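A.B. asks: Taken in sequence, the protein lines are chains U, Y and D.
Position in the first sequence counted from 1, then plus 6, gives you the numbering used here.
Position in the second sequence counted from 1, then plus 3, gives you the numbering used here.
Position in the third sequence counted from 1, then plus 20, gives you the numbering used here.
In short, the hints are calculated from the structure, not lab data.
Because the structure is a prediction, the values reported are computed rather than measured.
Mixed in with the good hints there might be a few duds.
Only pairs whose alpha carbons sit at most 20 Å apart, straight line, appear in this in silico EDC-like list of lysine to aspartate or glutamate [to be verified]:
#, chain 1, residue 1, chain 2, residue 2
1, Y, LYS478, U, GLU321
2, D, LYS105, Y, GLU53
3, Y, LYS156, Y, ASP145
4, Y, LYS68, U, GLU321
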Amino acid sequence: MLKLHGKIEHFQSDFKGHRLLYITNNINIPEVIRSKYALLVETEIPEGYGAYFSFNKKNLNVNNFYHLKSAFNYLLEGDIVRVDDRGNFATLFRVNSTNNTILLTTRCNHYCLMCSQPPTTEDDSWIFSETMNLLEMIPDTTKVMGYSGGEPTLYGDDFVRLIKKTKDYLPNTVIDVLTNGRAFSDYSFSKKIEKANHPNCTFGIPLYSYDPVNHDYIVQARGAFDETIKGIVNLKKCNQRVEIRIVIHKQTINDLIETCSYIARNLLFVDHVALMGLEITGFTRANLDKLWIDPYEYKDILSKAVNILNSYNIETSVYNHQICTVNNDVMENYHQSISDWKNEYVKECEGCTKINHCGGFFSSSKKYKYSKYINAIT
Amino acid sequence: MSKFQTIEFYKEEKNNYNLLPFRFSNLSDDSILLTNLVGEYFISSRETLEDLVKHKLKKNDLNYKLLRSKHFLYDEQTKVAKDLLSIKYKTKLNNLSQFTSLHMFVVSLRCEHSCPYCQVSRQSDDKHKYDMSREVASKSIDLALNSPSKNIKIEMQGGESLLNFEIIQFIVEESKKRNTEKNLTFVIATNLALINKEILDYCHEHQIYISTSLDGPKEIHNKNRPRPGRNSYEKTIEGISLAREVLGLDKVSALMTTTQLSLNYPKEIINEYVKNNFNEIFLRPLSPYGFAIKTKKFSEYDVEQWFDFYKQGMEYIIELNRNGLPFKEFYTSIILRKIFTFDDPGYVDLMSPAGIGIAAVIYNYDGDVYASDESRMLAEMGDKKFKIGNVIDNNYEEIFFSEELLSPLEESFAYSAPMCNDCAFENYCGSDPVYHHAMHGDFVGRKPESEFCKRNMNIFKYIFNQMQSDPFIEKLFMSWIK
Amino acid sequence: MLPMDHIDLMGLIDQADKKTKLFIMQVSFDRNVYTLDCLKKSAYRFIDKFSIDFDMSGDQINCQLNFDSKLTQKQCEFYVDQFKKEILDQDLRESIKRETEPVRNLVLAQAFSKTNLIKDE
Numbered sequence: 007m008l009k010l011h012g013k014i015e016h017f018q019s020d021f022k023g024h025r026l027l028y029i030t031n032n033i034n035i036p037e038v039i040r041s042k043y044a045l046l047v048e049t050e051i052p053e054g055y056g057a058y059f060s061f062n063k064k065n066l067n068v069n070n071f072y073h074l075k076s077a078f079n080y081l082l083e084g085d086i087v088r089v090d091d092r093g094n095f096a097t098l099f100r101v102n103s104t105n106n107t108i109l110l111t112t113r114c115n116h117y118c119l120m121c122s123q124p125p126t127t128e129d130d131s132w133i134f135s136e137t138m139n140l141l142e143m144i145p146d147t148t149k150v151m152g153y154s155g156g157e158p159t160l161y162g163d164d165f166v167r168l169i170k171k172t173k174d175y176l177p178n179t180v181i182d183v184l185t186n187g188r189a190f191s192d193y194s195f196s197k198k199i200e201k202a203n204h205p206n207c208t209f210g211i212p213l214y215s216y217d218p219v220n221h222d223y224i225v226q227a228r229g230a231f232d233e234t235i236k237g238i239v240n241l242k243k244c245n246q247r248v249e250i251r252i253v254i255h256k257q258t259i260n261d262l263i264e265t266c267s268y269i270a271r272n273l274l275f276v277d278h279v280a281l282m283g284l285e286i287t288g289f290t291r292a293n294l295d296k297l298w299i300d301p302y303e304y305k306d307i308l309s310k311a312v313n314i315l316n317s318y319n320i321e322t323s324v325y326n327h328q329i330c331t332v333n334n335d336v337m338e339n340y341h342q343s344i345s346d347w348k349n350e351y352v353k354e355c356e357g358c359t360k361i362n363h364c365g366g367f368f369s370s371s372k373k374y375k376y377s378k379y380i381n382a383i384t
Numbered sequence: 004m005s006k007f008q009t010i011e012f013y014k015e016e017k018n019n020y021n022l023l024p025f026r027f028s029n030l031s032d033d034s035i036l037l038t039n040l041v042g043e044y045f046i047s048s049r050e051t052l053e054d055l056v057k058h059k060l061k062k063n064d065l066n067y068k069l070l071r072s073k074h075f076l077y078d079e080q081t082k083v084a085k086d087l088l089s090i091k092y093k094t095k096l097n098n099l100s101q102f103t104s105l106h107m108f109v110v111s112l113r114c115e116h117s118c119p120y121c122q123v124s125r126q127s128d129d130k131h132k133y134d135m136s137r138e139v140a141s142k143s144i145d146l147a148l149n150s151p152s153k154n155i156k157i158e159m160q161g162g163e164s165l166l167n168f169e170i171i172q173f174i175v176e177e178s179k180k181r182n183t184e185k186n187l188t189f190v191i192a193t194n195l196a197l198i199n200k201e202i203l204d205y206c207h208e209h210q211i212y213i214s215t216s217l218d219g220p221k222e223i224h225n226k227n228r229p230r231p232g233r234n235s236y237e238k239t240i241e242g243i244s245l246a247r248e249v250l251g252l253d254k255v256s257a258l259m260t261t262t263q264l265s266l267n268y269p270k271e272i273i274n275e276y277v278k279n280n281f282n283e284i285f286l287r288p289l290s291p292y293g294f295a296i297k298t299k300k301f302s303e304y305d306v307e308q309w310f311d312f313y314k315q316g317m318e319y320i321i322e323l324n325r326n327g328l329p330f331k332e333f334y335t336s337i338i339l340r341k342i343f344t345f346d347d348p349g350y351v352d353l354m355s356p357a358g359i360g361i362a363a364v365i366y367n368y369d370g371d372v373y374a375s376d377e378s379r380m381l382a383e384m385g386d387k388k389f390k391i392g393n394v395i396d397n398n399y400e401e402i403f404f405s406e407e408l409l410s411p412l413e414e415s416f417a418y419s420a421p422m423c424n425d426c427a428f429e430n431y432c433g434s435d436p437v438y439h440h441a442m443h444g445d446f447v448g449r450k451p452e453s454e455f456c457k458r459n460m461n462i463f464k465y466i467f468n469q470m471q472s473d474p475f476i477e478k479l480f481m482s483w484i485k
Numbered sequence: 021m022l023p024m025d026h027i028d029l030m031g032l033i034d035q036a037d038k039k040t041k042l043f044i045m046q047v048s049f050d051r052n053v054y055t056l057d058c059l060k061k062s063a064y065r066f067i068d069k070f071s072i073d074f075d076m077s078g079d080q081i082n083c084q085l086n087f088d089s090k091l092t093q094k095q096c097e098f099y100v101d102q103f104k105k106e107i108l109d110q111d112l113r114e115s116i117k118r119e120t121e122p123v124r125n126l127v128l129a130q131a132f133s134k135t136n137l138i139k140d141e
């Protein structure tokens with residue numbers, strides 16, 4: 007798993023606040039724009055760069071010097087990072103990645119039992135401003151990008167501004183927005199999104215059960231089910247792409263088949279349904295006893311659920327499962343999906359002939375909990 | 004210290020609930036089918052139904068949760084049911100605006116077969132008397148292209164349509180020429196006795212589908228479909244093979260007609276289809292029109308007898324699927340689509356409002372326009388009740404808004420008919436005013452006496468009971484809805 | 021299940037030449053329990069089995085069921101039973117209809133309206 011965030015212990019800079027920098031190896035960046043670049047130092051240290059990063063030297067007699075731990079040596083030319091005056095370091099964008107996701111806020115109006123990004127209440131709207139700047143730095147050849155949180159739509163009309171700016175600066179980039187969709191139950195808000203007219207934006211919205219009580223329980227918010235349904239319907243009425251996401255665990259598995267039937271009957275017009283394996287991170291670990299079920303034990307339910315969605319021609323994908331824990335009949339819908347910065351394999355995988363098609367494990371799963379039925383397919 | 008609430012926290016305290024509109028009908032001795040406003044179903048015991056209606060159903064009952072999510076009841080917990088029902092209802096009705104997608108052209112009444120069940124009398128070689136003229140064809144094409152439907156299927160039939168191949172070519176080419184915005188599909192219905200490479204090359208060039216008759220193995224087929232030389236079967240099989248060679252497997256389809264003789268051989272007939280590489284069959288009931296009534300072939304029919312035939316056929320088809328051969332029954336798949344989706348399959352005899360005019364229309368060789376194929380057959384027997392105009396004398400509005408079409412549509416609307424109004428299966432059924440007029444003297448008939456009703460009810464119950472009894476069958480049937 | 025009044029097996033009428041038995045049966049209902057509409061709708065479903073004469077007297081609705089000549093006594097009794105069960109069903113249907121008519125009209129009105137369906141509530 008790639009380390010995207012960290013603390014820099016040895017650095018020397020009088021820059022106040024936080025700033026965005028391009029990573030570069032190039033010692034000949036034109037002087038007039040050098041301040042936007044962080045040079046990965048080898049031997050020479052030309053003047054004028056925004057920052058100097060070194061993996062081996064803990065100290066260099068130069069302003070804006072940072073000693074990066076080797077965990078960050080994946081950084082490539084063109085990647086974009088953030089540093090601040092307290093030594094916080096974050097990789098925001100990687101040119102080589104197909105999974106760049108920008109976290110817009112950690113605030114959320116839900117408190118999902120299995121949240122992988124536990125919410126906070128502090129005002130982090132500075133991230134929004136930073137992202138608006140970041141959009142001017144991201145190369146417009148970027149194929150795919152995501153927005154997530156917390157709940158991105160908590161920014162209200164600013165969120166619409168963000169989508170508009172994303173369209174303007176990255177017109178060819180496919181955008182995936184992860185949201186609980188509740189803000190869109192306000193039809194006028196949905197209309198604003200329609201007006202922003204992004205040509206290729208998908209809203210990924212979780213719906214965990216056909217039973218409103220269960221859905222509300224899982225996301226820990228009363229009234230969530232109704233607003234989410236309304237939000238989905240409104241977005242489709244406003245010609246937006248909608249994906250329904252279901253994380254499969256002990257609380258959602260018993261309802262899964264009926265939930266997929268419910269989607270087929272009432273939300274047939276959604277563009278995609280994603281059935282996802284559980285990531286053992288964030289709140290999941292605290293609630294593991296309520297959530298953990300071995301995927302191998304529910305593989306028949308998964309098959310039936312996928313079958314229902316396929317019967318209705320609803321585009322369906324199975325994510326974050328290992329091939330040896332699912333039935334063959336879902337392989338047409340199976341995707342190798344774990345983000346490139348999260349996935350790994352375990353010792354039981356040695357010799358598996360399907361390893362190249364398999365998504366493997368979340369690093370967190372590998373560390374804390376995974377199926378006891380993993381075995382190499384030969 | 005847990006920041007998380009238990010599930011109890013999210014339950015609404017109030018215990019009361021309200022009913023949403025639904026109907027119910029018996030499915031078997033101990034189960035009842037409930038269907039909601041848009042035809043979604045729930046299978047219930049008598050006890051649960053009574054509890055439901057008497058407001059005694061408990062919230063922690065799984066049935067309660069299911070009934071709520073399937074929109075049979077609503078409560079304080081969730082308020083989206085009515086909105087979703089409106090959307091679904093609207094979706095169902097939307098199909099109506101895309102009307103008349105099937106246009107049939109009777110290009111010739113002449114035929115060299117003499118099938119007892121046919122509505123067309125054995126006509127002579129007199130081409131002028133019984134062939135469609137260019138003038139009639141031309142006017143018919145214009146009417147067809149005037150339909151609101153985006154997708155138009157033009158089916159050329161007869162008699163034996165290939166006896167007037169020149170008009171077929173005229174229709175195909177003129178339609179394509181005059182078409183500006185529609186998707187056109189062409190089908191030739193033929194007994195294949197006259198098929199040759201030249202005709203097939205033409206079909207290939209213009210992407211025309213072939214539909215033919217295959218009543219079963221040789222003995223049954225030839226007995227049902229006599230022709231001079233008594234070799235209808237051989238010619239059909241030969242024709243299918245040749246057609247597939249030129250056009251491809253999926254461009255050639257076959258229909259069977261069921262006679263008294265067929266009733267004893269469902270398995271054999273299906274095997275004939277399997278043997279000839281078809282992956283579906285339509286186990287049709289015998290239509291009461293034309294020769295069938297004249298020669299009293301229809302009166303020999305019993306609803307129970309036919310249903311036995313259907314059940315045996317279905318049993319065998321299910322077995323084939325279990326053994327790995329995908330094979331489908333067409334009528335069942337139509338009904339399954341109506342049960343599980345809001346797509347209207349557009350099958351004329353099973354629509355309400357009726358499919359006459361709305362789903363299909365037929366232009367006879369002499370220019371007379373009929374509301375459906377059955378309407379034409381009835382006319383051949385002397386009853387022109389469903390003649391809705393003439394291509395030469397009438398324009399589009401005069402034909403499609405004629406009293407002859409609108410009256411039966413309105414009067415036969417199933418929801419308004421006695422007994423249909425109450426029936427849980429009404430969403431899956433149709434009104435068929437032509438049948439009821441022919442058999443019972445009015446557009447609606449009395450449903451308890453109607454064999455149309457009995458037959459369909461038998462099939463509906465069969466389908467639901469089968470799905471309940473076996474998950475394999477449930478999965479199989481779900482795969483037939485696409 | 022609410023109690024109903026007795027069935028009266030009445031009148032085995034021999035037809036002069038055929039000796040066919042034509043069964044007629046009587047059933048009575050309290051009109052405070054079942055509506056006339058309910059009875060009519062139930063009777064309609066058996067129109068191919070029997071025709072029916074209604075006679076009102078006070079709170080009683082007396083029904084005379086005139087069975088089709090092809091039916092045996094056992095069959096007639098079976099259909100009377102079915103008739104009574106159907107009446108229970110029709111009664112249930114009337115309850116459902118009463119309760120759901122307004123919401124049905126609401127849903128249909130929404131379905132046919134041109135305005136947006138999901139509004140802020």
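A.B. asks: So, for every hint listed, does it hold in this structure?
C.D. replies: For each hint, the structure was consulted:
no., hint, verdict
1, Y/LYS478 / U/GLU321, "18 Å, holds"
2, D/LYS105 / Y/GLU53, "13 Å, holds"
3, Y/LYS156 / Y/ASP145, "14 Å, holds"
4, Y/LYS68 / U/GLU321, "27 Å, violated"
Hint 4 from the list above is the single one not met by this structure.
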